[in-house]
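As you go down the protein sequences, you meet chains A and B in turn. The numbering used here puts the first residue of the first sequence at 1, with every later residue one more than the last. The numbering used here puts the first residue of the second sequence at 1001, with every later residue one more than the last.
Fair warning: there could be bad hints in the mix.
Here are the simulated lysine-lysine pairs, DSSO-like style, with alpha carbons at most 30 Å apart [to be verified]:
(1) A:K105 to A:K84
(2) B:K1200 to A:K84
(3) A:K105 to B:K1200
(4) B:K1026 to A:K105
(5) B:K1041 to A:K84
(6) B:K1041 to B:K1026
Simulated restraints, written as ranges between beta carbons of each label pair [to be verified]:
(7) A:D22 to B:N1021: 32 to 40 Å
(8) A:S34 to B:W1037: 51 to 59 Å
(9) A:E223 to B:G1044: 55 to 63 Å
(10) A:D22 to B:A1163: 36 to 44 Å
(11) A:G185 to B:W1037: 31 to 39 Å
(12) A:G185 to B:D1303: 31 to 39 Å
(13) A:H146 to B:G1139: 50 to 58 Å
(14) B:V1144 to A:D233: 27 to 35 Å
(15) A:S149 to B:W1140: 38 to 46 Å
(16) B:G1139 to A:D74: 49 to 57 Å
(17) A:A192 to B:V1219: 32 to 40 Å
(18) A:E223 to B:T1143: 33 to 41 Å
Source of the hints: derived by calculation from the structure; they are not laboratory data. Using N, Cα and C, we set each Cβ at its ideal position, and we do this for glycine too.
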Amino acid sequence: MTGARSGDIALELRNLDVTFGDGDSSVRAVADVSLQVRRGTSFGLIGESGSGKSTVLRAIAGLNGNYGGTILLDGAEIPMPRPKSFFSRVQMVFQDPYGSLHPRKMVRAVLMEPLQIHGIGDRDRRIAEALQAVGLTPDFAYRYPHQLSGGQRQRVAIARCLVLEPELLLLDEPTSALDVSVQAGVLNLLDALRRERGLTYVMVSHDLRVVAHMCDRIAVMTEGRMVEELDADAIYEDRCEDPYTRALLHSSKGYQRKDTPDAAE
Amino acid sequence: MTEHPITDAPPTRESLRDWLNAPVAKSPGQARAQSIWRAAKRLGGNYAAMAGLFILIVLVGAAAFAPWLAPYGPFEQDLNRRLLPPSADHWFGTDQLGRDIYSRVLHGASITLRIALLAAAIAGPIGLLVGATAGYLGGWVDTVAMRVVDVFLAFPALILALAFVAALGAGINNAVIAIALASWPPIARLARAETLSVRKSDYIAAARLTGAGPLRIIVRHIMPICIPSVVIRVTLNMAGIILTAAGLGFLGLGAQPPMPEWGAMLATGREFMLTHWWLATMPGIAILTVSLAFNLLGDGLRDALDPRHG
């Protein structure tokens, strides 16, 4: 781990362990993962499908309460079930924008609900601001999800997180379900939001280029274990030690020419 | 509200169509109206469903205006004119007490409608609530609720309704309660299945991440997903409810004579079936027509309310 001062650490995982099922059929999805995320930085988690990277995010968010180990936010352990105040500090963007918006709710209702739950006033102004922040015009508030494109949906999902003004965003492959042409727009938006608002990101992806572009620190996971943690520069300069990381790097480079079996989703 | 005031007060007739078809809604009301308008257009394109709706509207009209439409009173006896076949004077013939069957069928429409709508209005919400709660909460709540449903489903609806009526006493209100008690379990099953298919979805996870509690998620997020299929199921069930009500009437446990309830009329007509066919046939045709109308409408609603269309 880096020698960062403890006040700088927005999120810390200590020996996170997640097991699904019991007895013989149990699967240890995440085994002994420890990491620290510094405030205002972006932390990337990469690995093939089934490596447990999304499970880590869901454990942090409290969607999966059955975890062992400790999750600390600003140095304080967060209780399970998560208190309401937690959700105004930590929000999550899901992978599939077609599944993360309620099909029968107008965008306005989607953005209104968090404000109602947390008793925040001045709602129409906040909704308009959140839409503007993600690059949508105010009249998008009156659309239903089926009237939006994938990129627009993902922007609405990001706006839903932003209305609560969180400090930490958990990004679960936020662009992997989008067209390549739209991916860049959403990634640049996320990058700009982080800089403007001083947000901290934990981003999961199987796309090395995305993670290398977005993140300062990167952890590599396979079969539920974290095998290596490195700086983004190390990816560009090919400075990694673990054989699995090498293989992952190699496979992503050879992606276009060779017909090696693609490990990624 | 400050940046984009709601300025659309549309209802001038020319602009209403444009307002409903506008590609971009400008207010929550307009967006909702457009959504309903699109569903209505889909339903309107389905001729079978429109035929069903038409029959039901006629039925409601008949029920509402029976006293004016019927040439005779429903209880008016004329023992000189017993068991007359259908004629210009008595369109559906007369029964064994000389009552005009056409008038009785018209008056019976309101009874049948009341039974069907009341039973559906009780069974639908109960089934929806039980199913959505069991499906979302899972665990022992689910187990208990579904075993209760299993017990109910183990008996045919009519037998179950019979048992309830036997316990509650014969009569039309008890028949409604009995039918409602017998018809919520399939709806609960349906709502639970629907809930199970969405409870792990990302938008429910996202709702949990906004800090919403289970009650809010069930009522605000799960139920809107279940409602279309429950509405469809209830509409399709209407036929079954009417038939059960008729069955109870037929067995003498629903509406009591001399009430012109269709099932009860059918039951009395049974005695004369071989010699005077119209006594049983006329109320039978009425039951058949209404059941068919509800089924056609239910089928059309299934297409129009498909959740994937929003």
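Taking the hints in turn, this is what the structure says about them:
| no. | hint | verdict |
| --- | --- | --- |
| 1 | A:K105 to A:K84 | holds, 22 Å |
| 2 | B:K1200 to A:K84 | holds, 20 Å |
| 3 | A:K105 to B:K1200 | holds, 18 Å |
| 4 | B:K1026 to A:K105 | holds, 16 Å |
| 5 | B:K1041 to A:K84 | violated, 42 Å |
| 6 | B:K1041 to B:K1026 | holds, 21 Å |
| 7 | A:D22 to B:N1021: 32 to 40 Å | violated, 56 Å |
| 8 | A:S34 to B:W1037: 51 to 59 Å | holds, 56 Å |
| 9 | A:E223 to B:G1044: 55 to 63 Å | holds, 56 Å |
| 10 | A:D22 to B:A1163: 36 to 44 Å | holds, 42 Å |
| 11 | A:G185 to B:W1037: 31 to 39 Å | holds, 32 Å |
| 12 | A:G185 to B:D1303: 31 to 39 Å | holds, 36 Å |
| 13 | A:H146 to B:G1139: 50 to 58 Å | violated, 33 Å |
| 14 | B:V1144 to A:D233: 27 to 35 Å | violated, 58 Å |
| 15 | A:S149 to B:W1140: 38 to 46 Å | holds, 43 Å |
| 16 | B:G1139 to A:D74: 49 to 57 Å | violated, 33 Å |
| 17 | A:A192 to B:V1219: 32 to 40 Å | holds, 37 Å |
| 18 | A:E223 to B:T1143: 33 to 41 Å | holds, 35 Å |
The structure fails hints 5, 7, 13, 14 and 16 (numbered hints given earlier, in ascending order).
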